[in-house]
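Colleague: Okay, here's what each chain looks like letter by letter:
Number of protein chains: 4
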Amino acid sequence: MIRTGIIGASGYTGGELMRLLVSHPQAEVVCATSRRLDGTQVSQTHPHLKSFTDLEFQNLDAGEVAKKCDVVFTAVPHGSAMDVVPQLLEAGTKVIDLSADYRLPTSVFEQVYGLKHKAPRDAVFGLVELHPEVRDARFVANPGCYPTGATLAAAPLAAAGLIERVVFDSKSGISGAGAEPSQVSHYPNMAENIQAYKLTTHRHGAEMQQELGRLDSDIKVSFTPHVIPSVRGILTTAHLFLKAGTDHSQVADIYKQFYEGKPFVRLLDGIPMLGPVRGSNFCDIGFEMDADGQRLVVVSAIDNLVKGASGQAVQNMNMMFGLDETTGLWNPAIFP
Amino acid sequence: MIRTGIIGASGYTGGELMRLLVSHPQAEVVCATSRRLDGTQVSQTHPHLKSFTDLEFQNLDAGEVAKKCDVVFTAVPHGSAMDVVPQLLEAGTKVIDLSADYRLPTSVFEQVYGLKHKAPRDAVFGLVELHPEVRDARFVANPGCYPTGATLAAAPLAAAGLIERVVFDSKSGISGAGAEPSQVSHYPNMAENIQAYKLTTHRHGAEMQQELGRLDSDIKVSFTPHVIPSVRGILTTAHLFLKAGTDHSQVADIYKQFYEGKPFVRLLDGIPMLGPVRGSNFCDIGFEMDADGQRLVVVSAIDNLVKGASGQAVQNMNMMFGLDETTGLWNPAIFP
Amino acid sequence: MIRTGIIGASGYTGGELMRLLVSHPQAEVVCATSRRLDGTQVSQTHPHLKSFTDLEFQNLDAGEVAKKCDVVFTAVPHGSAMDVVPQLLEAGTKVIDLSADYRLPTSVFEQVYGLKHKAPRDAVFGLVELHPEVRDARFVANPGCYPTGATLAAAPLAAAGLIERVVFDSKSGISGAGAEPSQVSHYPNMAENIQAYKLTTHRHGAEMQQELGRLDSDIKVSFTPHVIPSVRGILTTAHLFLKAGTDHSQVADIYKQFYEGKPFVRLLDGIPMLGPVRGSNFCDIGFEMDADGQRLVVVSAIDNLVKGASGQAVQNMNMMFGLDETTGLWNPAIFP
Amino acid sequence: MIRTGIIGASGYTGGELMRLLVSHPQAEVVCATSRRLDGTQVSQTHPHLKSFTDLEFQNLDAGEVAKKCDVVFTAVPHGSAMDVVPQLLEAGTKVIDLSADYRLPTSVFEQVYGLKHKAPRDAVFGLVELHPEVRDARFVANPGCYPTGATLAAAPLAAAGLIERVVFDSKSGISGAGAEPSQVSHYPNMAENIQAYKLTTHRHGAEMQQELGRLDSDIKVSFTPHVIPSVRGILTTAHLFLKAGTDHSQVADIYKQFYEGKPFVRLLDGIPMLGPVRGSNFCDIGFEMDADGQRLVVVSAIDNLVKGASGQAVQNMNMMFGLDETTGLWNPAIFP
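Residue numbers (the numbering used here), protein chains in the order written: chain R, 521 to 856; chain S, 521 to 856; chain L, 521 to 856; chain F, 521 to 856.
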């Protein structure tokens, strides 16, 4: 059994990691840290885990966690992972960081997040479908939720060198805003509403630019996020403007070939929705072409807490430990 | 024009009072107080009021408010109204208190709310349909949201002496929990959920007991509230156990006669829902009898922020100033 | 009093017309037609109108309706208005058509809707903010819901000749799909979901192209609609790519000047949301510029049933009868 | 591997059976019937099952199904199961009927459902926690969704002979109304609403009376159902009036003892909610006593499609085949 630890286990991504890991046949959670909730039952904060774990949150430092674990998930805010990652790595533990601290080159990170990086280290960007080198990694930076759905939607055509410009208009469930109550997640504000935010300046744009830029350095990327009255899920509508005309079957072939052998990407004939991926690690993708073959709208759907965070982290863990990438993750969504 | 003031205008009942009063043909809002938001635009906090008011929140004491106003609405938490009401009354202003401070006899209040009352005064209980003496009142205690819907559902049969026991099982929109974000109103906690709370101990039970007890002192009242994933509205399911058997048409007659001439009570042939009262001051009532004539289920629907709070307050104001009770309130619900 | 009639009054736009007209100080509804519901109470289908109207639906032909009315609203599906409009016009009645039959030049209509037009007539496109000639019109084609919010979002910059390309990514409440139950509006399919549809082929794109093309014939318009788990409202995110760089204050000035004296367009410093327009006739607009001044994201919010349909129709009626355009429409939204 | 078949597999309970069975380590679905969808992919109707099954719906008669299967689930409307159950049983197949046809004695069924029963047979009532004889059954009538949550809430105190009267006020997710669009499940009707229905006459009352009556023949049961704007889940608020006073710790002991060794009943210190059981087979139970010890409010929460239907059916299957009852069902809920 792989002994796993979670630093910062009281939030939604921490809870979701535990939901997935308590059913994982080859892994177990041996410690879950939280300063604030030290000594309380995990299942008090994550009530769906009652009967599945008797763990208590502990207030442990990174060194203590490293000693108990083969791999550690850092589910902390950006700016905090850099405080614990070096110590974990030096102790020889594998690390999967769910924060933003190691997804971008240091200079880009510092500019985008407006923070000095205290402890740069090289990490593999853990979007498994584009980064098979995760298999050999000891340190993985788990991608952001928006970049996961957006990048997977456009990557095949970017790799084919066909995209001139892409506008990602993403719609996220409100669980992406975290477990702490706030004005934006206050039910009367969110219900019967949709809120656009950071119209031109959301930090996740940098990850999209980086990952698509690796495939085609000329690509122009715009990104605007929204939150919708849904708990889970991100639907990304990718408006693609092409360099040259193409047709539906060519595009279909490009996607099919690109995602051959990627079990968690499902290519649909129709348009993806959130329901059929809810609670699962899938990314569903569908598209429609404009009559003139110059414009394409691609839609992707993921569960932001699974493929967009904790599920992808477990997928990374599977790869890093030589397991089949679907281990413990091969469950259908809950639908309806 | 009636000059009105609102003490504690930053919350939902304050915003709703202003929504109703900006369209009221005989009243205007001349001041809206908030300590925290002093000097900021009302329409920044209540964005739907943009273009309707240029008022700013002010941090005024009760005496200053009294000087400017013919009537003052106190939309403050329980325990706070008693700090301002005496001064307002002594200044000769009419007062409509939306808090719980003056709805119950002092001794009952102190027991139910666990507080010493600092400034007892006599108020008329402002459930207009049962208290025509509001017409002559200078000080009205506006009823709680749950007691409004529950009392109106059962009052006719209570007055007829037919009820042995009534169980009120109420389901409220989450706006009843206020404008401040909290765990219970956090979207991921409330969506796709329903939360029962204070199963046997909610304070509003005392108002129901008081009002129905005035009609029949033997009546046994139980009350359990819930919050549902809806912003507005309270549906109350009243399970009535009768002293003696009766039949459908007798019951229908009792309701019809009791609510004759009460424009805001609508008796339905079917079962009330929240949509057809949303944003309006109506209380819709419908019922169904058990085959044996011993048990009756009555359902009432109100908008908790209108008939359950601010609309009822304006209805009381209309009465206190000799206007038709529907003035400024005679608008259909927004449906769907 | 203006005597109004509604042909096809059983749907949501019919119900909403009546909601607005029962409170309108200068108009009354004298007939409401429905073949299917002939002889039943309007308030049975539109339960929020109970106590506001005793009208029954009638199965009348256009000629009978014309005789009773000064103006007729045709709230029927596209392809059906053309069956009644000519007769209404010939009878001398003013007509406001809420269908798509008269919004586009006949040849464009026939291509977009795949129908032969049986009775072409010239109508004024009833987007009052862009078409002051409504004042003199006897026949107005009320705009589609999506084109209203999209066109208002981009028109000022189009008129300034600044836009090279605009991508409208719109999110509509599900009431836009009508009162008839269907798979897409089935609660378990729509809740916790968002559905993109007609990714590149929605018919409303033609109206946007027409209206913005009037302001700048070179403009390139793309449009993708979605439905979200909200009953009312359309939020349109307009991604604008500019011909030349500009800055925030220039853009702000352009919008301010363009909408000077247009009471139903509210320019916000922040980002519009659906709540503050719900149930009202407002279109709220806000924007944010990219750092390089080449790209702009403008967001508009309307209530699809009010400014996107019935409210705008009443606004048109007001203009056509020489009333102030806000008559009967000057009410704040219901929020929260 | 247990070969299972599902008759009537196109609805929500059919889809949920397949969701559970594709992950079940000891069972597989070998046929799924649907007359209407004959020849189409199961994953077209149940899109979350894409990549999990290549089955097509087939139009098979009961005899053909019986030949292929060790156990057959009949997920058909009441009145239809009786057409296929006898043939299945005679072919020697085990049968779990999810319809209402075999839950009640024939005479009671005929009265409650207003139908003549064509093929009475004896079935075990498959509420495993009360009916350990399921272990030896060849034919199980899977309980209704409401009776499952209601009966489990009150059974311990009924068995203790303490209950004089119980009022079950239940709130169900709308998926209980099925996959076919209807007025009640139309999003604009259900959102921001709650609908009480069959206030005194819902058929599931008979099952509650039967099951609690087995434990205490004097008990008086009332039942009123509601649908709420939630896809899944039933929260039942049980208002219990006791024969004699008791106290909190006595009641806690009674529940603890009664549900000892029942893995799917979780007794909470707090009040159950829908989120922590969503997608899982748990029934969470909590309660609060009135100060005088005469009245108790017990709340239970289940997922109507899992413990209230398909999960319970799989739990029954596990028992009937000598497996641990948790096999394939031991997964936490999806929360939030």
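To be clear, the hints were calculated from the coordinates, so they are not data collected in a lab.
Each hint should be verified, as a subset may be incorrect.
Identical copies carry no separate label here, and so any pair may be met within one copy or between two of them.
[To be verified] Quick list of in silico lysine to any residue cross-link-like pairs, SDA-like style, CA-CA up to 25 Å:
| # | residue 1 | residue 2 |
| --- | --- | --- |
| 1 | K740 | D581 |
| 2 | K638 | E684 |
| 3 | K740 | E808 |
| 4 | K587 | K776 |
| 5 | K776 | T626 |
| 6 | K776 | Q564 |
| 7 | K740 | E700 |
Colleague: Is it within, between, both, or neither for K740 and E808, if the alpha carbons may be no more than 25 Å apart?
Modeller: Both. Shortest intra-copy (20 Å) and inter-copy (19 Å) distances satisfy the 25 Å Cα cut-off.
Colleague: Should K587 paired with K776 be assigned to within, between, both, or neither, using CA atoms and 25 Å as the limit?
Modeller: Cα proximity of K587 and K776: none, with 43 Å in one copy and 39 Å across.
Colleague: Between the shortest in-copy and the shortest cross-copy C-alpha distance, which are at most 25 Å for K638 and E684: within, between, both, or neither?
Modeller: For K638 and E684, neither the intra-copy (36 Å) nor the inter-copy (43 Å) Cα distance is at most 25 Å.
Colleague: Under a CA distance limit of 25 Å, which applies to K776 and T626: within one copy, between copies, both, or neither?
Modeller: So K776 and T626 fail the 25 Å test inside a copy (34 Å) and across (42 Å) alike.
Colleague: Under a CA distance limit of 25 Å, which applies to K740 and D581: within one copy, between copies, both, or neither?
Modeller: Answer is neither; intra-copy 42 Å and inter-copy 57 Å both fail.
Colleague: Using 25 Å as the alpha-carbon threshold, which applies to K740 and E700: within, between, both, or neither?
Modeller: Answer is neither: 35 Å inside a copy and 41 Å across each miss the 25 Å cutoff.
Colleague: If the cut is 25 Å between Cα atoms, do K776 and Q564 qualify within a copy, between copies, both or neither?
Modeller: between (44 Å within a copy, 19 Å between copies)
Taken one by one, the earlier hints fail for this structure at numbers 1, 2, 4, 5 and 7, listed in ascending order.
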